[in-house]
Amino acid sequence: MTIKEQQDEIIADFDFLGNWDDKYEYIIQLGKELPLIDAQYKKDENLIKGCQSRVWLHVDYREGKLFFTAESDAVITKGLISLLIKVLSDHTPKEITDAQITFIDTIGLSSHLSPTRSNGLLSMVKQIKMYAVAYQSKSLQS
Amino acid sequence: MTIKEQQDEIIADFDFLGNWDDKYEYIIQLGKELPLIDAQYKKDENLIKGCQSRVWLHVDYREGKLFFTAESDAVITKGLISLLIKVLSDHTPKEITDAQITFIDTIGLSSHLSPTRSNGLLSMVKQIKMYAVAYQSKSLQS
Amino acid sequence: MQDNATIIEPSMLDIEKIRRDFPILERTVYGYPLVYLDNAATTQKPEQVLKAMDDYYHTINSNVHRGVHYLSQQATEAYEAARHTVADFINAAHTHEIIFTRGTSEAINLVAACFGKTELRPGDSILVSAVEHHSNIVPWQLIGEEKGATLKVIPVDENGDLIIDELDHLLKGVKIVAVNYVSNSLGGINPIREIIAAAHRHGIPVLVDAAQAVQHLTVDVQELDADFLAFSSHKIYGPTGFGILYGKESWLNKLPPYQGGGEMIKTVTFEKTTYNDLPYKFEAGTPDMAGAIGLAAAIGYVQELGISNIQQAEHSLMTYALDAMREIPNLRFVGAADATHRAGVISFLVGDIHPFDMGEILDKQGIAVRTGHHCAQPVMDRYCIPGTVRASLAIYNNRTDIDRLTAGIRKAVKLLA
Amino acid sequence: MQDNATIIEPSMLDIEKIRRDFPILERTVYGYPLVYLDNAATTQKPEQVLKAMDDYYHTINSNVHRGVHYLSQQATEAYEAARHTVADFINAAHTHEIIFTRGTSEAINLVAACFGKTELRPGDSILVSAVEHHSNIVPWQLIGEEKGATLKVIPVDENGDLIIDELDHLLKGVKIVAVNYVSNSLGGINPIREIIAAAHRHGIPVLVDAAQAVQHLTVDVQELDADFLAFSSHKIYGPTGFGILYGKESWLNKLPPYQGGGEMIKTVTFEKTTYNDLPYKFEAGTPDMAGAIGLAAAIGYVQELGISNIQQAEHSLMTYALDAMREIPNLRFVGAADATHRAGVISFLVGDIHPFDMGEILDKQGIAVRTGHHCAQPVMDRYCIPGTVRASLAIYNNRTDIDRLTAGIRKAVKLLA
Ligand SMILES: Cc1ncc(COP(=O)(O)O)c(C=O)c1O
Ligand SMILES: Cc1ncc(COP(=O)(O)O)c(C=O)c1O
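Chains as they are written, first to last, in this note's numbering: chain A, 1 to 142; chain B, 1001 to 1142; chain C, 2001 to 2417; chain D, 3001 to 3417.
It cannot be assumed that every hint is accurate.
What the hints assert, rightly or not - Restricting the straight-line Cα-Cα distance to at most 25 Å, the calculated cross-link-like pairs of lysine-lysine (PhoX-like) are: (1) C/Lys2254 with D/Lys3152; (2) D/Lys3147 with C/Lys2147; (3) C/Lys2266 with D/Lys3152; (4) A/Lys129 with D/Lys3266; (5) C/Lys2272 with D/Lys3175; (6) C/Lys2152 with D/Lys3266; (7) C/Lys2147 with D/Lys3254; (8) B/Lys1126 with C/Lys2266; (9) B/Lys1043 with C/Lys2272; (10) A/Lys42 with D/Lys3266; (11) B/Lys1129 with C/Lys2266; (12) C/Lys2117 with D/Lys3175; (13) D/Lys3254 with C/Lys2117; (14) D/Lys3147 with C/Lys2272; (15) B/Lys1032 with D/Lys3414; (16) D/Lys3272 with A/Lys43; (17) A/Lys23 with A/Lys42; (18) D/Lys3147 with C/Lys2117; (19) C/Lys2117 with C/Lys2248; (20) C/Lys2147 with D/Lys3414; (21) D/Lys3272 with C/Lys2175; (22) C/Lys2152 with C/Lys2117; (23) C/Lys2017 with C/Lys2117; (24) D/Lys3266 with A/Lys43; (25) A/Lys32 with C/Lys2414; (26) C/Lys2266 with B/Lys1042; (27) D/Lys3272 with C/Lys2152; (28) C/Lys2272 with D/Lys3152; (29) C/Lys2266 with B/Lys1043; (30) C/Lys2272 with D/Lys3117; (31) D/Lys3117 with C/Lys2175; (32) D/Lys3272 with C/Lys2147; (33) C/Lys2411 with A/Lys23; (34) D/Lys3147 with C/Lys2266; (35) D/Lys3266 with A/Lys126; (36) C/Lys2172 with D/Lys3272.
As the list claims (entries may be wrong) - Listing some non-contacts, in silico: residues in chain B with all C-beta distances to chain D over 10 Å: (37) Phe1016; (38) Glu1033; (39) Lys1042; (40) Arg1054.
Read the hints as simulated data drawn from the structure, not as lab findings. For every residue, glycine included, the Cβ atom is placed at its ideal position computed from N, Cα and C.
Please model the complete structure; the sequences and the hints are all you need to start from.
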């Protein structure tokens, strides 16, 4: 699936969920399920600046594609991260740099991307994009 | 005349003057007439702190009474000073410390006594009172 | 809940009437009527305060002090009357002991910088407590770094109480003590009388951070014998961007000026400048006239209600809230659990729910609380927690607010646990 | 007067319509309709500004940045949008180059203190001009005294023009230049482009005091290549107690922090504190949310009218005023006599009438002007005068105001001369 298709699928899933409780219940469920980041990667270098909740992000580069694992100590953030990873993992650096992340807005959690919230999710998106740019220029050189 | 009588006389004089122009004209006239302070007394020690206009005040003590001469570089202030001196000069220290200066208020120039105006007139009243207190304690001692 | 609640005396105040002075309380958030329990961060403003500022701007707005003209004199009188209102409110001995600042933070920075400049030497120390707001830590670190002085800390116990048994020992080498009256992160009322008495026995001055105190308790600077005291307008129903530094005349006269500018000087030449008298020596630049007038109106509002009536009403609501929250399984309070040692603030956690998650689910229900470290990271480090959820009260909060809060917490627990 | 007046183009602005935005202009003073010509001290505020602040307090008032809840996010967005509006207004390259302060004075003090701390050594000098406001002299004296640095002064000629022929020579040993764009005492527009260019040739940064410029002229920090620039909200139709420091990103990153407190730090322990990114590094404590929103509304108001339309209208009124005043016997202008080199301010004296007397008689006629040294004593010393009478214009002033002023001066002359 493309990044766009992945996002559309998430949006469709959320359309089924009527009110905010159901949406949050679903995200929280995802947050509880997210495979924990490998313990060795839950270290300070992988910590993303975020005032309210902490987020760790690890990246692997295999066969031209980027794979992410992540963790947060806040479960709602973790749930959103899990969606974000589903959307962006297993794609080429170029696909990731080109991607528009729209689903968070569409499902009504845009406040998590507000620069004023400083909760780590926006920083995480930025960090993923930076990794993608870095690997893209690397792959262009090699 | 007592200080009270002097003030009443001034107030009565001003009652004849209808509008503000006439009152100011009168005060300004007085300001122009005030016998200049003796040149030797127009010195920094006699300068009274006042932001907008400068006021010099000199005091003489003769036969149990205080006599004031004064000067200001602003003519309206000078006119008011001339009234003030007319009221307070040639009185005993005790009469001066006991006196209530009400005429400035009554003739409608109370703003000159506003602590926020810092134009020297209020400081001058305070200074005169301080001289009076000083000479009063002196005369009590001797 | 009602049944086993502590006995609550009827309040002298009509809270529903008070609420009508705060129209923002009628708004909705996500379709729910707003429950505003973030008052320790900033309070809402009554119409009386907004009207006082509007009136100022509509009738006498003008630069103060240096003007001969009518508006300027009216503005100056209103501005200086505000200073008088503040002096009266905290019972300062002199009106000129009241310095207008931008807020508590600036007030503390002013003292730290000016005191530090002349009084701190390498090896000296500054004593703060373990429950300070960053604004009462960082200014001292900044000047300490410059002067080679270090911070010492009055420790805190598990209940959030300062441990003051060792105070005499701690005070060795200390040049100034800076402590808050009420902690913004835990809500505990600190034993500042004891701290001030101990410091004064050693001839050490004390700055009291009263940012979370003046809106809840009677504060009398002479009775406390505080050398300096700071608070913010925006936390006591006044406008943003304004605050107070009280300083004893003798100290304020002793300290060098802080900032340079208009009004704080007497004469200026390029070679030499002489400074103005108190309070102007510490007020550089055009002051915040509307801010002063707004704060005076806020203090007037508080005085009309009566600070002891406010204290009683808030105590009663606090008791109600603590009782109700105690019923929630796995909820634990951070800091003192009883209402008597507390003003305004309830910090809590439920199970291992992250405060940020709790805050978000409460927000979705229209309930505004604060989550995180509350600018008091050392307090969080002390308890080894990432932060707390903080509900904080003001005089317009009612039992409905508390019922909504407890119901909201229960709902959040159901979703999150 | 009209006959020999300079040709005046019709203004693009409807001044009478503008006046209706400022209800205070309808008030009377001593029975006369108010003529407010003390705009260089502080301007009046349009309803749009008061409404923006009222709306803020009525709908989203909340502490910014640290809150998860809805109001706090709304408040933060409005607050940061205000920063964006300011950045856009002076064409800053980055929004985070805009630091919110209490006013011009605080902004200059901030730069003086922080720049001084790391960049000034004994024997260095700071270059100011002979026509500075005290707020751009005293902060440099304070830090100079601490660091052993001294002030040097760009001289001024009889007409009030800065003498910049010797600038390259003057700049020797100078670490920073601080000059105003428009002088508040004389109204002259200073050659800051030339001063900045000369300073930069020597690698010296320049702070521009734009307190009397932004409300009258287009100010573009990138075009000017200013390193720092300061102005006050209350002089550009905004609320009191608020102001702006612009700094080039590179300089702001280089300078140490100013005050300590919440929001300006990243992490705090009692041992060590790390500072936040720009602009927060320089903003300690709860900010003045309403102030920021009020200033943004004021800038919006100015932008809607168009700063070049304002400039043209004010120029036209200035020409009218200077022409009319020139007819008054014995009236002499202090500073440039023509409208082209002047913005907003007319400083004058008549014969040997004391400015204080003139101001009082004008006041009695409902005309508000300022008298005295205008916080620029060195300027008065330069001209050997105790002060001036200063009439200063804003966009709501009209020819009636000027006619009332000239008639008022004539009446004062009749009484006083
Ligand atoms: C040129 C100039 N600089 C600085 C200031 C100081 O501004 P504020 O008093 O708003 O801090 C003023 C006005 O008072 C001014 O006119
Ligand atoms: C105890 C305490 N001290 C200081 C401050 C700082 O006050 P402000 O941010 O208004 O400067 C606060 C609030 O933020 C506080 O709660």
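Right, here's what the structure says about each hint:
1. This hinted pair does not check out: C/Lys2254 and D/Lys3152 have alpha carbons roughly 30 Å apart, beyond 25 Å.
2. Straight-line distance between C-alpha atoms of D/Lys3147 and C/Lys2147 comes to about 14 Å, which keeps the hinted pair within the 25 Å bound.
3. With a CA separation close to 21 Å, the supplied pair C/Lys2266 and D/Lys3152 stays within the 25 Å bound.
4. Simply put, A/Lys129 and D/Lys3266 have alpha-carbon atoms about 24 Å apart, close enough for the 25 Å limit, and the pair holds.
5. Simply put, C/Lys2272 and D/Lys3175 have alpha-carbon atoms about 20 Å apart, close enough for the 25 Å limit, and the pair holds.
6. The suggested pairing of C/Lys2152 with D/Lys3266 holds, with an alpha-carbon distance near 21 Å, which does not exceed 25 Å.
7. Only pairs whose Cα atoms come within 25 Å are accepted, and C/Lys2147 paired with D/Lys3254 is accepted, the gap being roughly 21 Å.
8. Proximity of B/Lys1126 to C/Lys2266 is assessed by CA-CA distance (about 19 Å); at most 25 Å being required, the pair is judged to hold.
9. About 21 Å separates the Cα atoms of B/Lys1043 and C/Lys2272, which keeps this hinted pair within 25 Å; it holds.
10. Our distance criterion of 25 Å between C-alpha atoms is met by A/Lys42 and D/Lys3266, whose separation comes to about 21 Å.
11. For the proposed pair B/Lys1129 and C/Lys2266, the alpha carbon gap of about 24 Å is at most 25 Å, so the pair holds.
12. Between C/Lys2117 and D/Lys3175, the direct Cα distance comes to roughly 23 Å. Compliance with the 25 Å bound is thereby established for this hinted pair.
13. In summary, the hint linking D/Lys3254 to C/Lys2117 is supported, as the alpha carbons are separated by about 23 Å, within the 25 Å threshold.
14. Among the hinted pairs, D/Lys3147 with C/Lys2272 is consistent with the structure: their alpha-carbon atoms are about 16 Å apart, no more than 25 Å.
15. Distance restraint check for B/Lys1032 and D/Lys3414: the Cα-Cα separation of roughly 14 Å lies within the 25 Å cut-off, and the hinted pair is therefore satisfied.
16. For the hint pairing D/Lys3272 with A/Lys43, the CA-to-CA distance comes to about 21 Å; that is within 25 Å, so the pair holds.
17. For the suggested pair A/Lys23 and A/Lys42, the alpha carbons sit about 28 Å apart, so the restraint of at most 25 Å is broken.
18. Our distance criterion of 25 Å between C-alpha atoms is met by D/Lys3147 and C/Lys2117, whose separation comes to about 12 Å.
19. Restraint check for C/Lys2117 and C/Lys2248: satisfied, since their Cα atoms lie roughly 18 Å apart, inside the 25 Å limit.
20. As the CA atoms of C/Lys2147 and D/Lys3414 are separated by approximately 62 Å, the hinted pair breaks the 25 Å bound.
21. About 20 Å separates the Cα atoms of D/Lys3272 and C/Lys2175, which keeps this hinted pair within 25 Å; it holds.
22. Restraint check: the Cα-Cα separation between C/Lys2152 and C/Lys2117 comes to about 19 Å, which is no more than 25 Å; the hinted pair holds.
23. Distance hint between C/Lys2017 and C/Lys2117 is unfulfilled; the C-alpha atoms sit about 49 Å from each other, more than 25 Å.
24. In summary, the hint linking D/Lys3266 to A/Lys43 is supported, as the alpha carbons are separated by about 19 Å, within the 25 Å threshold.
25. Proximity of A/Lys32 to C/Lys2414 is assessed by CA-CA distance (about 14 Å); at most 25 Å being required, the pair is judged to hold.
26. Of the supplied pair hints, the one linking C/Lys2266 and B/Lys1042 holds, its CA atoms being roughly 21 Å apart against a limit of 25 Å.
27. Between D/Lys3272 and C/Lys2152, the direct Cα distance comes to roughly 13 Å. Compliance with the 25 Å bound is thereby established for this hinted pair.
28. With a C-alpha separation of about 13 Å, the suggested pair C/Lys2272 and D/Lys3152 falls inside the 25 Å cut-off, and the hint holds.
29. A threshold of 25 Å between alpha carbons decides the hint, and for C/Lys2266 with B/Lys1043 the separation of about 19 Å falls inside it, so the pair holds.
30. For the proposed pair C/Lys2272 and D/Lys3117, the alpha carbon gap of about 21 Å is at most 25 Å, so the pair holds.
31. With a C-alpha separation of about 23 Å, the suggested pairing of D/Lys3117 with C/Lys2175 holds against the 25 Å cut-off.
32. Distance restraint check for D/Lys3272 and C/Lys2147: the Cα-Cα separation of roughly 16 Å lies within the 25 Å cut-off, and the hinted pair is therefore satisfied.
33. At roughly 14 Å between alpha-carbon atoms, C/Lys2411 and A/Lys23 fall within 25 Å of each other, so this suggested pair holds.
34. In summary, the hint linking D/Lys3147 to C/Lys2266 is supported, as the alpha carbons are separated by about 23 Å, within the 25 Å threshold.
35. The hinted pair formed by D/Lys3266 and A/Lys126 meets the criterion: a straight-line CA distance of about 19 Å does not exceed 25 Å.
36. Annotation: proposed proximity of C/Lys2172 to D/Lys3272 holds, straight-line Cα distance about 22 Å (limit 25 Å).
37. Under the 10 Å C-beta cut-off, the non-interface status given to B/Phe1016 relative to chain D holds; the minimum distance is some 18 Å.
38. Look at B/Glu1033: its CB is around 14 Å from the nearest CB on chain D, clear of 10 Å, so calling it non-interface holds up.
39. With a minimum CB-CB distance of about 15 Å to chain D, B/Lys1042 clears the 10 Å threshold, and the non-interface call stands.
40. The claim that B/Arg1054 is not at the interface with chain D is violated, since a C-beta of that chain comes within 10 Å of its own (minimum 7 Å).
Checked against the numbered hints listed earlier, the structure breaks hints 1, 17, 20, 23 and 40; every other hint is satisfied.
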